[in-house]
Amino acid sequence: MKDIILKAVPDAVIEEKQKLTVTVEPKQLHPLIKALYSNKELPFDYLINLIGMDWGEKLGVMYLLSSSADMSREVVIITSTDDRQNPLLYSITDMYEAAHLNEREVYAMFGIRFINNPDMRRFLLDDDWNGFPLRKDYDADSRLNPITIVNKEIKDIAPFIMEDADGKLTEGTTRIFDENDYIINIGPQHPSTHGVMHFRTSLDGEIVKKIDVNSGYIHRGIEKLCENMTYPQILHFTDRLDYLSASINRHALCMCIEKAAEIEVPARAEYIRVIMDELNRISSHLIAWSAHCNDLGATTAFIYGVREREHVLDIFDKTCGGRLIVNQNVVGGVMFDIYPDFQKDVKAFIPYMREKLVEYDDFFSHNAIALGRMVKIGNLTREDAISYAVTGPAGRGSGWSCDVRKHKPYSLYDKVDFREIIRNEGDSYARYMNRLDEIEESLHIIEQLVDNIPEGEILAKVKPIIRLPEGQYFQSVEAGKGEFGVFIESRGDKNPYRVKFRSPSLAAVSAMPLICRDEKLTDFIGIGGSMDYVIPDIDR
Amino acid sequence: MDLKKVKIKAFPAEDFKDTDTLQAYIDELNANGTNVMVGKLDQMINWGRANSLWPLAFATSCCGIEFMAAAAAHYDLARFGMEVTRNSPRQADLMVVAGTIVHKMGPLLRRVYDQMAEPKYVVAMGACAISGGPFVNSYHVINGAEKIIPVDVYIPGCPPRPESLFYGLLQLQRKVKAEKFFDNKRIVRPYNPATLIDPKTGEALDVKNEFKAPNPLKGK
Amino acid sequence: MDNVSLFVVVLLAGLTLVVVGLGAALLLSPKSLNFQKGDPYECGLPTHGTSWMQFRVGYYLYAILFLMFDVETIFLLPWSTVVRQLGMSGLISILIFIIILGLGLAYAWRKGILKWT
Amino acid sequence: MNYSQPLELTGIISTLDTFFRNNLTPFWATFIEGALILIAILAAYAIIALALIYIERKITAFFQSRLGPNRLGKYGVIQSIADMVKILIKEIIQINDVDKFLFYAAPFFVIISSVLTFGAIPFGMGLQAVDFKIGIIYVIAASSLGVIGVLLAGWSSNNKYSMIGAMRSGAQFVSYELSAAFSLMTIVVLSGTMQLSEIVENQRYAWNLFNGHIPAMIAFVIYLISGHAETNRGPFDLPEAEGELTAGYHTEYSGLQFGFFYLAEYLNMFIIAAVATTVFLGGWMPIQIKGLDAFNQVMWYIPSYVWFFAKTGVLIFLSLWVRWSFPRMRIDLLLNLEWKYLLPINLVNILLMVLMVLAGWTLSDWFPGLFAIAP
Amino acid sequence: MLKFHFIRKIFFILLDTNNFKITQNIPPSGFRGADINNMNPFIKYISGIFTAVKSLLGGMLVTWRELWRKKVTMQYPENRDTLVISDRWRSELTMPHDENNEHACTACGICMINCPNGTINVISKTIETEDGKKKKILDKHIWDYGMCTFCNLCVITCPSDAIIFNNDFEGAMFDRSKLVHQLNKPGSKLREKKPLTPKGEQKAP
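Residue numbers (this note's numbering), protein chains in the order written: chain A, 1 to 540; chain B, 1 to 220; chain C, 1 to 117; chain D, 1 to 375; chain E, 1 to 205.
Since the hints were made in silico from the structure, they are not lab data. Hints may contain errors.
[Unchecked claim] Listed next, the in silico PhoX-like pairs over lysine-lysine satisfying Cα-Cα at most 25 Å (straight line):
| hint | chain 1 | residue 1 | chain 2 | residue 2 |
| --- | --- | --- | --- | --- |
| 1 | D | Lys100 | C | Lys31 |
| 2 | E | Lys70 | A | Lys318 |
| 3 | A | Lys408 | A | Lys376 |
| 4 | A | Lys58 | A | Lys40 |
Since the model is a prediction, treat every value here as computed from it, not as a measurement.
Let the hints inform the model, and build the full structure from the sequences given.
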């Protein structure tokens with residue numbers, strides 16, 4: 001791999017950190033990534049994360065790339081610019097569709113504009129937002145950005161910067177929608193956008209012509225908040241990202257900190273964590289199933305799904321005193337030990353859930369109307385899934401083996417037996433079935449673990465104030481919606497210098513305009529249900 | 001009106017918390033004196049209103065899921081006659097603000113609230129909607145829905161469990177039952193004007209006269 | 001009372017319901033005004049352009065087909081009451097009628113008009 | 001044969017009629033009778049609607065393993081009264097930029113359509129307001145007025161969701177109206193009359209559903225499906241598809257105006273079930289077996305309107321059951337179902353029925369001793 | 001050739017029963033490229049109707065069974081007397097006081113420092129004890145119910161176990177200011193010896 005890198009860019013700085021890290025000049029970034037992307041043996045075609053950075057004097061971007069064929073191979077590419085007034089970097093949207101929204105987010109947060117990105121509007125923030133919040137010199141004076149109660153106009157005109165063949169930069173604008181388009185707002189206050197997503201949809205009769213994703217209606221600035229907090233304090237934010245996979249997200253952050261601080265987690269804690277994760281995954285998939293059915297108009301199915309989920313929540317409630325936001329994982333172990341009847345309750349739940357899965361099949365999976373609404377609707381090919389970085393049950397529905405638990409095993413996942421559910425159709429129905437199958441696999445994992453929880457401590461000895469050694473740390477887990485990643489850059493303080501979360505839902509949403517094109521308005525909602533995104537996860 | 005007379009089924013009146021705030025509210029309403037006939041009519045109308053609060057779930061994040069859980073089989077909002085969730089604000093009586101309200105969402109919240117038909121009530125569900133909760137220090141979070149719209153009942157929790165939500169809704173029923181129908185007090189609503197700034201001029205909006213005056217921002 | 005006057009009574013019942021109901025509601029209901037209340041609701045955002053815009057609907061051809069068959073219904077209904085008296089000749093004459101219409105439907109089907117685009 | 005019918009209302013009605021005729025001038029007698037009928041219809045309309053709203057909410061809850069409203073009165077029976085009180089004094093919002101006249105006219109169409117149809121339903125012996133000779137055509141015509149209301153509501157609202165909802169409902173309604181008409185026509189062929197009271201009378205010993213066996217059953221199923229679709233209820237609730245159009249054609253309606261749409265939706269459900277009962281299931285006629293006088297007498301002790309509501313109730317339950325079991329259709333699937341399945345089947349079915357009637361293959365032809373068309 | 005997309009889909013999915021085995025790992029690709037063109041369209045049309053009706057009836061059977069099952073709804077507030085909320089459920093932060101109106105809070109402020117969003121405000125005052133030493137004691141321990149995220153950091157870091165969460169979930173108020181609680185009771189003072197709740201009682205199962 002180093003050969004490829006050095007062949008493409010001879011003066012790249014290669015370091016072996018937690019991951020292979022390459023630092024290049026902005027001009028060389030595109031050729032380097034192109035070389036990695038197009039190499040035959042192991043194409044680095046999966047953009048896991050695109051992280052904007054402010055190193056004080058320099059502004060830059062970090063790319064975490066991986067290969068769809070072998071997800072354990074990862075490379076970090078760093079590039080940066082000195083110009084803080086008008087920072088310009090090169091876009092990689094021509095190779096990775098996933099980069100579109102990510103680059104727009106970096107623009108909103110850091111003010112870095114990307115050359116050759118066709119749509120350089122701000123993502124998450126309003127167009128007239130003063131300042132770039134994630135820069136270290138951001139002025140948080142509330143008078144600059146007052147609260148308003150008057151709707152702002154949403155601009156249809158997207159600026160861009162293009163570089164032509166001789167390296168000349170030209171700025172221009174494009175229209176997102178035509179003058180005469182019939183544009184309808186789906187969201188933010190809408191029953192079926194799974195939160196507060198805003199899809200501006202142009203319709204041709206009933207048929208969706210174009211979708212413009214507009215997000216940020218729940219952007220809470222978690223990453224900025226993290227920079228002023230100690231590591232234990234950050235933990236509670238992860239629960240509130242993808243609140244349906246609260247425990248799993250928190251597990252990721254805990255593991256990232258533990259890895260950096262070299263804390264050994266007791267075996268009992270690991271077992272509890274994995275059982276809780278899988279229970280959480282079941283509850284997440286149940287909500288996904290329910291919401292999907294509800295989107296297709298089956299309210300009763302929604303009620304059934306939530307009913308089964310209550311059993312999981314009861315276990316959570318008794319274990320850690322929270323139903324949705326569980327607060328279970330802490331750095332070095334878990335906060336609460338299991339309660340005496342934990343095993344009994346979990347073991348009662350497993351056959352119950354299996355029985356209900358059969359009922360779900362009778363009720364919905366075979367239903368002629370439901371099939372008409374799902375089969376061959378919202379097709380996402382494997383190539384597109386990789387390019388848009390759609391992971392999780394949705395990505396696996398397109399035939400891409402992308403289960404982090406298999407490819408980059410963490411915690412106990414290399415010790416338990418489970419199968420990765422893959423379907424090749426790439427339609428709504430494949431995604432739908434994948435979720436139901438994954439519930440079954442999760443039950444299987446829990447079955448193996450629940451009787452073997454070892455005795456012992458639940459919490460390792462951790463210093464009262466945790467300081468991570470200087471460096472960059474990554475950790476990915478398989479959350480309910482796909483690969484959830486945590487990145488921490490530490491300067492050795494008790495606060496992180498920069499925290500970034502990879503959101504699986506962002507990828508799912510960015511693929512929506514592609515898979516909904518030429519589908520009917522009704523199916524647009526159904527496809528959204530099958531992609532199963534959680535908006536606070538995207539907006540952070 | 002004595003608060004002891006406000007009856008909620010299966011919940012003793014003395015068990016309710018925060019009775020003094022409600023008492024103060026009633027005293028304010030009663031300042032003009034009340035007519036017995038109107039009182040009876042009021043009771044009938046309030047009975048209808050209190051038991052038929054159709055919610056509009058302004059669900060932005062985690063609390064929205066708990067709201068859904070409350071509507072589902074285990075908790076069942078329908079028992080209170082509130083399962084008819086209306087997605088159009090025109091038909092809803094109660095707005096459940098469940099989740100964080102951020103700067104970008106503020107105008108929308110206000111618009112949806114404005115478009116609701118009278119009488120309308122607002123419940124702030126969860127820490128975020130009450131005060132900004134975990135994100136209170138963030139640059140993009142409005143510290144509580146009360147900065148945008150008047151809130152009737154605050155339900156703390158992060159997220160509150162469905163029973164908590166029910167308790168809050170019972171509190172709201174109490175408040176609804178204490179109101180006077182032939183009284184226009186509710187129409188002019190209290191605001192926190194300091195935070196509402198006209199984006200064009202940068203001045204504070206005069207919200208007190210907002211209902212009487214034509215839209216100052218439409219430029220008509 | 002004859003049927004027509006009863007019909008008028010029923011019609012009046014409907015009118016009374018709406019008029020009295022709406023009148024009472026308009027009289028009794030509380031009102032408030034604000035500058036956003038009258039705007040159309042579209043997920044809490046201002047509408048983009050007008051709603052009365054030309055846009056393609058796929059139902060047009062269905063409406064034409066409907067007209068065709070609705071005319072048929074009008075012919076068939078009186079026929080159906082007397083079909084017992086008409087006997088076989090009634091069946092055959094209407095069979096031709098139905099076959100022609102059925103062919104029309106089959107043609108439309110085959111031409112792909114019934115396929116939503 | 002005359003059976004004793006202690007609980008029927010015919011006696012009271014005719015006593016009242018003679019009382020008014022004897023004591024008042026013909027004009028005033030007619031006037032008072034008309035007023036009484038008007039009040040009776042409105043009362044029945046309101047009570048049935050409120051009861052249906054309660055029943056639907058309760059049955060839905062049971063399907064979903066919930067309890068449903070249970071805090072107002074015993075088992076929550078007065079829940080819908082609270083709803084009515086509330087909605088009556090809810091603000092009616094004046095929307096800017098709507099087509100004012102049409103916007104306010106829409107609820108009129110919807111309500112009047114359902115009241116007109118409601119008036120034609122024979123609820124029991126002598127309990128029918130309008131009994132035209134062309135009853136079936138009247139029912140079809142009056143019920144199709146409702147779609148005008150829906151279309152107007154959606155179009156005049158100046159709201160994109162409403163607009164799409166209205167367009168959908170237009171396509172849906174015109175399509176399914178054909179099926180409804182054809183399947184009713186199949187029964188007209190069988191019973192040879194369009195007058196609803198006569199159709200009921202003809203089914204004294206043999207319900208049309210059984211008398212016409214196979215074609216009648218097909219017609220029955222098709223009528224239920226298309227009737228269900230005409231009322232815009234799930235799985236055919238596309239015009240108000242909550243998932244995508246927030247509230248569909250009535251997004252902009254508030255207060256009682258919305259209440260009327262809500263009311264009419266339930267009443268239409270009732271009307272479809274009632275027409276199906278009348279046409280296929282013998283209407284208010286008790287179960288009668290030719291020759292078994294004792295049995296028939298026992299059946300007649302149960303008043304006719306109880307029979308009617310029992311049969312209608314079963315159909316309403318069926319409709320709720322279907323509604324809460326299935327996901328929503330998509331518009332093209334919906335139109336496919338109509339134009340590629342129901343309509344061709346219906347055309348064939350009607351010919352089949354004619355053939356059967358002419359060839360004498362109905363049950364009453366085969367077993368005249370048991371099922372002869374009465375009287 | 002007439003087009004029967006919809007029916008074709010349904011029919012072939014329903015024929016291939018393997019698709020619906022939950023544990024099946026192999027993707028159901030059979031119905032896509034299968035040999036369907038040889039089939040008589042009319043048979044396809046008819047059998048499509050039957051399979052569709054069968055599947056719909058199967059769905060209706062599930063709801064029918066549900067109609068007669070015992071309902072799972074718990075009835076708050078009717079069941080207030082019997083309602084069990086799990087002991088670990090975190091609702092209100094409280095400071096246990098014993099019968100002498102004494103608590104264990106030493107006003108060290110660790111909870112305040114550890115709170116991620118400033119929910120806790122510990123106001124201390126300095127008094128002079130009898131032997132002339134200056135001592136910091138608790139004046140007000142203020143906790144904002146409406147802001148708390150229930151992350152439990154204050155409780156687990158408290159060195160003297162002075163505060164715990166209780167599970168009284170009925171907290172809705174009409175007034176925002178009513179949600180700000182003062183945890184120490186008026187006139188209470190610091191307990192001299194052992195804490196009221198030994199460590200572990202709250203956390204251990």
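Comparing the hints with the structure gives:
1. D:Lys100 - C:Lys31: Given pair D:Lys100, C:Lys31 holds - Cα atoms ~19 Å apart, limit 25 Å.
2. E:Lys70 - A:Lys318: With a Cα-Cα distance of about 24 Å, the restraint between E:Lys70 and A:Lys318 holds, given a limit of 25 Å.
3. A:Lys408 - A:Lys376: It is violated: about 32 Å lies between the C-alpha atoms, which goes past 25 Å.
4. A:Lys58 - A:Lys40: Distance of about 34 Å is beyond 25 Å: violated.
This entry does not satisfy hints 3, 4, going by the numbered hints stated previously.
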